[in-house]
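There are 2 protein chains.
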Amino acid sequence: MSVLVVGTTALDSIRTPKAENPRLLGGSASHAAVAASFFAPVKLVGAVGDDFPRRYVSLYERHGIDLEGLQRVKGGKTFHWSGEYEVNMNNRQTLNTELGVIEHFTPTLPKNYERSPYILLANISPSLQLHVLDQVKKPKFIAADSMDLWLNIALDEVMKLLKRIDLFVLNDSEAHQLTESDNIVKAIRRIHKMGPRFVIVKKGEHGAVYSGPDGMFITPAFPLQNVVDPTGAGDSFVGGLMGYLASCKGPIHRHLRRAIVHGTVTGSFCCEGFGLKRTTKITRGHIDRRIKEFDALVKY
Amino acid sequence: MSVLVVGTTALDSIRTPKAENPRLLGGSASHAAVAASFFAPVKLVGAVGDDFPRRYVSLYERHGIDLEGLQRVKGGKTFHWSGEYEVNMNNRQTLNTELGVIEHFTPTLPKNYERSPYILLANISPSLQLHVLDQVKKPKFIAADSMDLWLNIALDEVMKLLKRIDLFVLNDSEAHQLTESDNIVKAIRRIHKMGPRFVIVKKGEHGAVYSGPDGMFITPAFPLQNVVDPTGAGDSFVGGLMGYLASCKGPIHRHLRRAIVHGTVTGSFCCEGFGLKRTTKITRGHIDRRIKEFDALVKY
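Chains D and H, in that order, give the protein sequences. The opening residue of the first sequence carries number 1 in this note's numbering; numbering runs sequentially from there. The opening residue of the second sequence carries number 1 in this note's numbering; numbering runs sequentially from there.
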C-alpha cells in the first residue's frame, strides 16, 4: 500500500565542524519520502520554487516517488534552511530560515492521493498538516512529526492535530517541552492523554522509546563510526517506519516494533552523508543487511 | 561460584533537588556486593572506621556477604563522600570527600579469598585494585570499574590494570576521556587495544554498550518513573552482572549478554531509593519479574 507524505521540500545549507554544504536537497518530506520509498510507493505533497534544481526532481523520480502533489510555484523561492552542528553532532543551531513558497502553501490534494491508506504528516506547520488531513478519505494509519517551533508558536493547532492522528513522533526535548516532564515514562503517558494511541520519542544517538496498546518498546540507535550529518535522520526514521508498515499485511500493531527497527536503520544511513547523499545511494538490500546486524546487536 | 568484591565501603551524604540524606551506607563495594549477593556468594574486601554503624554491618550480613576481608580500623574514620545531584539527576557534583581509612588501605586477602573465581575490582584507586589482583590465584574472570578521578591522577596505573583484566566497565564520559574519541564505536575499539577483551560503556539512563569476542550488544536502561537517587547504580550494574555470571555454568561469553541485562535491572532498583535503601528491600524474585518486563520491552 502507498504512503502519502506531506512536509517541507527544501534546500538545506549545512555547516558542521568538518565541512560546509550549500543548497542540498532537504526538508522533512524529502527525507521521509526517500526513506519510505525503499519499502512502499510514495506520494509526495510539497511546494518548491523556480530555483529548485531539476536534478532534485530526477532524484525523487529515481525513487519512484509520485510527484503529482509537488507544486512548482512560478516566481517562487524554495524553502531554504541553513544551520550548523556543534562538535558532538547532537546540538543544532539554525542560522537562517527563508520560508519562500512554503509560507502560503495550502495544497489541494490530487484526486488519486485522497485515498492513501498511510498518511505521514512530516514536520511542517500543524495548520498545514490539518489541512491535508481534512482532504484524505478513510486513512488506515496517520502519523505526525513536529518540531519545537510549532510547540512554541502553534500549540493549539498541535493539540488539535494530536486528537486526529494514530502515531505522534517527537524528540525527547520536545516531549519534555510539551508535557513539562523530564521523565520519559511520565511524558509519554501525558502525550497519550492528548490523543495518539501510539507515541514514539526519538533520542537521537540513544535510540527511541515507543509506547502503544502493546506496551513499551525501547530500541537503541544503530551505532555509527562516522556521523557526517544527522540532518533529516528523524524524518528518515519516520519515513522508513511508515514505508515498512505500508508494506506489511494484517494488523498494524503486529508490525510496529519491526517498523521502528526499519526506521532506525534507514535513519542511520541518513547520518552517514550530507543531506540525502548517502540515503540516495543505498538500496533495500543495504537496509536488510543492516537490519540483520541490528538484530545481532540487541539479541541476548 | 563466589565473587570477590573490592572497592570503597563508605558513608554517603547525598543531596538531590528533592531531599537530603546524611551518612547512608554507600561506596562502590557496598553497592556492588549487595547487587551481586542476589545471585552468588560474595566476599567483601574493604575498610571502615570506628564510626561505621553496626546496622550497616548487619545489612551486609543479611545479604550473606562474607566480611572476613572487611577491615575495621580502630581510631579510624570511614570514607565519607558528599555530593549533590542536579534536577535531571544525570549530573553529579562532589561537595566533599574525606578519605579516612581508605587513604592507607592496603589489604592482605584472607586465605579463603585467594581462590575466588570471579573478581570484581569496583571503583577504588587502581594501585589498590592491582594490589588485590596480585594476591588472587587462578581467577576465572576479572572485571574492573574506575572513575574520572583515576584517569586524571593515576592514568599509568589504570593502563597497567587494563592489561590484566578481562572486562573493563566505564561510563561514556570516561570512555571519551580515556580514548579522546567522542564516538563510542571508536572509543571501544581503542579500549580493547589497551587490554580488555570485554568492554562495557555505561550511558546512565540511555543504557549500556558492550563489546566482546561475540561482537557488540546494546541494551537500554530499564525505564523508571521515579528516579530518586542514581548514586551507586553503576556499581549495582556491574555487581549484578558479576553475580549473575558467577551463578552460570559453562563459557562466560555465552552468558555475558544476559548478565548485562541482569546488571541493568539490578541497577534500576538502586535508582529508586537513596543509597542502598531500595536495593536492600528487594529479593531475587523482584529482579526476575523485572527481567521479564525488560524482555518484553526490547523484543520485536
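Some clues are possibly wrong.
Which copy is meant is left open, so a pair is good if it fits within one copy or across any two.
Unchecked claim - Listed next, the in silico DSBU-like pairs over lysine-lysine satisfying Cα-Cα at most 35 Å (straight line): (1) K281 with K249; (2) K193 with K203; (3) K292 with K249; (4) K277 with K299.
What the hints contain is simulated information worked out from the structure, not anything from laboratory work. The structure displayed is predicted, hence computed values, not measured ones.
We went through each hint and held it up to the structure:
Taking identical chains as interchangeable, the C-alpha atoms of K281 and K249 lie at most 35 Å apart only when both belong to the same chain, with a minimum of 28 Å there against 47 Å between chains. For a Cα distance limit of 35 Å, the shortest separation of K193 from K203 qualifies both inside one copy, at 21 Å, and across copies, at 30 Å. For the homomeric pair K292 and K249, the shortest alpha-carbon distances inside one copy (21 Å) and between copies (29 Å) are both at most 35 Å. When the C-alpha separation of K277 and K299 is checked against a cutoff of 35 Å, the pair qualifies both within a copy, at 31 Å, and between copies, at 32 Å.
Violated hints are absent here; each numbered hint is respected by the structure.
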